[in-house]
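Enquirer: Protein chains in written order, with the numbering used here: chain L, 1 to 421; chain C, 1 to 250.
Quick caveat, the hints were computed from the structure, so don't treat them as lab data.
Heads up, some of the hints might be wrong.
Dumping the calculated EDC-like pairs for lysine to aspartate or glutamate here, alpha-carbon to alpha-carbon at most 16 Å [what the hints assert, rightly or not]:
id, chain 1, residue 1, chain 2, residue 2
1, L, K378, C, E105
2, L, K56, L, E11
3, L, K378, C, E75
4, L, K226, L, E120
5, L, K380, C, E105
6, L, K378, C, E73
Computed from a predicted model, the values in this text were never measured in an experiment.
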Amino acid sequence: MNDVIKNYIDENTDYHKHLEGKFPQMEKALKKLSEIGFPTKKLENWKYTNVTPLLKDHLKLNAPLDTADIESFLIKTDGPLMVFINGHFIEEKSVSVPGLHFKVKSLSNSLPEFDESSEESFDLLNLSSLNALISVKVGKDTLIESPLQILHLSTEKMNGYRSHSRVEIKAEAYSKLDILETFAHLGKKTDHYLVNPLTNIKVGEGAKVEHIKAGLDSLSSLNIGKVKAIIGKDAFFNSFTFTIGGKLGRNNLDVSLAENGAEAHVHGVFALGQDQHCDIFSIIDHKVAHTNSEQLFKGLLDESAHGVFTGKIIVNPQAQLINSRQASKNLLLSKKARINTRPILEIYADDVKCSHGATIGQLNENEIFYLESRGIPKEKAQRMLCQGFAQEGINTISNPLIKEKITGYFKIYLKGQLNEL
Amino acid sequence: MIEIKNLHAKVEGNEILKGIELTINPGEIHAIMGPNGSGKSTLAKVIAGHPSYEVTAGEINFDINGKMVSILEQEPYERAKEGIFLGFQYPIEIPGVNNVGFLREAFNSICTHQGAKGMDQKEFKEFLKPKLELLEIDDSFLDRSVNEGFSGGEKKKNEILQMVVLNPKLSILDETDSGLDSDALKIVAKGVNSLKSKYTSTILVTHYQRLLNYIQPDFIHVLHDGKIIKSGGKELALELEAKGYDWLIK
Chain L
1 MNDVIKNYID ENTDYHKHLE GKFPQMEKAL KKLSEIGFPT KKLENWKYTN
51 VTPLLKDHLK LNAPLDTADI ESFLIKTDGP LMVFINGHFI EEKSVSVPGL
101 HFKVKSLSNS LPEFDESSEE SFDLLNLSSL NALISVKVGK DTLIESPLQI
151 LHLSTEKMNG YRSHSRVEIK AEAYSKLDIL ETFAHLGKKT DHYLVNPLTN
201 IKVGEGAKVE HIKAGLDSLS SLNIGKVKAI IGKDAFFNSF TFTIGGKLGR
251 NNLDVSLAEN GAEAHVHGVF ALGQDQHCDI FSIIDHKVAH TNSEQLFKGL
301 LDESAHGVFT GKIIVNPQAQ LINSRQASKN LLLSKKARIN TRPILEIYAD
351 DVKCSHGATI GQLNENEIFY LESRGIPKEK AQRMLCQGFA QEGINTISNP
401 LIKEKITGYF KIYLKGQLNE L
Chain C
1 MIEIKNLHAK VEGNEILKGI ELTINPGEIH AIMGPNGSGK STLAKVIAGH
51 PSYEVTAGEI NFDINGKMVS ILEQEPYERA KEGIFLGFQY PIEIPGVNNV
101 GFLREAFNSI CTHQGAKGMD QKEFKEFLKP KLELLEIDDS FLDRSVNEGF
151 SGGEKKKNEI LQMVVLNPKL SILDETDSGL DSDALKIVAK GVNSLKSKYT
201 STILVTHYQR LLNYIQPDFI HVLHDGKIIK SGGKELALEL EAKGYDWLIK
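Turn these sequences into a full structure, and let the hints steer you where they fit.
Expert: Take a look at the structure:
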C-alpha cells in the first residue's frame, strides 16, 4: 500500500468505526481497495490517465455544509429536483412531483451486495465512503414530463474534501423519464476536491430514459465517476456526457443491453482548455440478440488539454442480429492539445453489423475564410465552427429544455467563462 | 470602386497572377473569362483576402468612404465589412451551423460596422421574406446547416441569398453559373440584377457566355496566364463563344 492511498484507507476505516451499525459490504470494499490501490498507468484501462498526483494531498470526507445560489445551474420548470451541496442533500431546495418517488435512504437495508469481482478502485472507494443512497423510481406506465434535475453543487468550502454519491434510478415498464445530472462549482478555479459519483440506472421493459450528465466542476478538481445502465426488453436509453469542467475527469459508462429489443445511444461532448484532462471510458455490452447501440463522442481540445476516449463494444456469442455504430470525432484547437482515441470491438457473434471510426482534425482554413468573407471576425468564426462541431453531438439530446441548457453551457466554454457563473 | 494595379500573387510557391490591371467604376458589371488555370478564381480570392494566397507585388485599392484605400493589409472580414462580397465557386459546407443564424450573424456584423442597428431574430425573418421569394427559396432552407447536404444549385442560390442580404458594394461571383440548369441560372441572374445600381459593381468570373444572356456586362476581360490579354464590350463574349480562346492566346 503506498502513502497516497493509506490516508484514504485510514480515514475510511475510522469512518466505519463511527457509523451506527456494521456494514460488511463497505468494509469488504475498503479491504479490496487497500489491496489493489488506486489505478496506475500500467493498467490498460488507465493507460492515459494518472490520478495519483492529484490525490496526493489527502482529500477528506464530509465537507462542511454551505448555502449557495443554485439558479444558474437549473432549468426553470416545476419538475422534480434534487439538490446536493458539498455532498449533503438539501431537502428544502428539492422538489418532488406525483408519479416520481425519490428518497434519501440511510445505509441500513439499502446498501447493495458487495461484488467480489469488482476491480475498480473508484467503485470501491465510492461504496466504502457512502453516507446515504438516493433512490428514484418511476412507476409503471408513468410519463414524467419535466426533466428530473439532480444538482451536485460544490462551493469554496469543498476545497480539500471529497464527496461520494450513489443514485439508483429505476424506470419501471413503459415509463418515461429525462434526467439532467449536473456537477457544478460555485467558488474558485483553484478549489481542489474530488467528486466520485455513481449513477445506476435500470430501464424496464418498453421504458424510455434519457440521462444527461453535465460536468462543470472547478478547474482544479477531480470528477471520477460511473454511469451504469441496464436496458430491458424493447427499452431505450439515451445517454449524453458533457464535460467542460474539472482538472481531471474520468467518466466510466457501463451500458448493458440485457434483453431483446434493447437500444442504447451513448453520446457525449467534451470541450477542454488549459491543462484539463478528460477520460471517457465506455463499455456497451450487447448481451443478447436484436439489440442496438449508437455512439458519437466529440472532443474539442484547446491549449494543453488532453482528451481520452475508449469505446469498447462487446457482442456476446448469442447476440446475433445486432447493430452497433460508433464514432469518435475530435478537433484539436492548439498545437499542444492532445487526444487519444481507441475503439475496441470484441465481437463473438457472426451475424452482426458493427461500424466504428475515429477522426482527429483541426479547424478548416477554408471554413474560416468562408465565414470571414461574410464579415464575421476570425475569432467569432472560429467559435461558430466549434459551436457547429459540438452541436452535432448536443443535438442528440432529445429533451429540448436540456438541449438548450447544454448548448448554453457550451457557450460558456467558448467564452472561457467556466467557474465565473 | 476598385483599382487593381500590376497585381502579382502566388499560392504554394506558384505565381498565378502576373500583373493584373483592372479598374471598375461604380455601377459597372465586368465579366472575367478565360480558359481553366488562367487565374480567374485566384483573382477573385485575392480580392476577398484568402489567406493561402500571397500578394507579391502590386496594389488593390478600394473605395472606402469616398477615398481609394489599399485593402491588402485588411483581413477578409474587414474587407467584407467594407462591402466586398465573394460568391464561392464551391460553397463550403458547415455542419452544425444553422443557415439563418449564420446569415444574421454576418448581416449584423456588417450593419454594426456601417453604423446601422442589427436585427433580432424576428425582424430578420421578416427582412428575409421578400428575398427568399425573389430567389424562390423555401423557408425550410434557413433551418438547415450552412450548405450541408445542399444540391449544387441550392448552394449557388444560397450564395446569392447571402449576397442579396449583405447588399455589398462590390460583388464578385466566382463561376456561380457553373453546374446550374437554365431555371436556376435565371434565378441567380434575378438576384444579381436586383442589386444593380449606380453605386454598386459586379465582377462575374465565368467560363461560359451563357450567364451573360441574363446579366448584361459592361466590359469583358480575357485572362490568360495571370494577365488580362484582351478587354472589350459584351460583343467579345459572343466572339469567344464562337471562336474559343486560341486565337487570343497565339
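Enquirer: Each hint needs a verdict: does it hold in this structure or not?
Expert: Now the hints, each set against the structure:
1. A distance of roughly 13 Å separates the Cα atoms of L/K378 and C/E105; the hinted pair therefore holds under the 16 Å criterion.
2. For the proposed pair L/K56 and L/E11, the alpha carbon gap of about 14 Å is at most 16 Å, so the pair holds.
3. A threshold of 16 Å between alpha carbons decides the hint, and for L/K378 with C/E75 the separation of about 9 Å falls inside it, so the pair holds.
4. Only pairs whose Cα atoms come within 16 Å are accepted, and L/K226 paired with L/E120 is accepted, the gap being roughly 10 Å.
5. At most 16 Å may separate the alpha-carbon atoms for a hinted pair to count; L/K380 and C/E105 meet this at roughly 10 Å.
6. For a cut-off of 16 Å, the pair hint linking L/K378 to C/E73 stands: about 15 Å separates their Cα positions.
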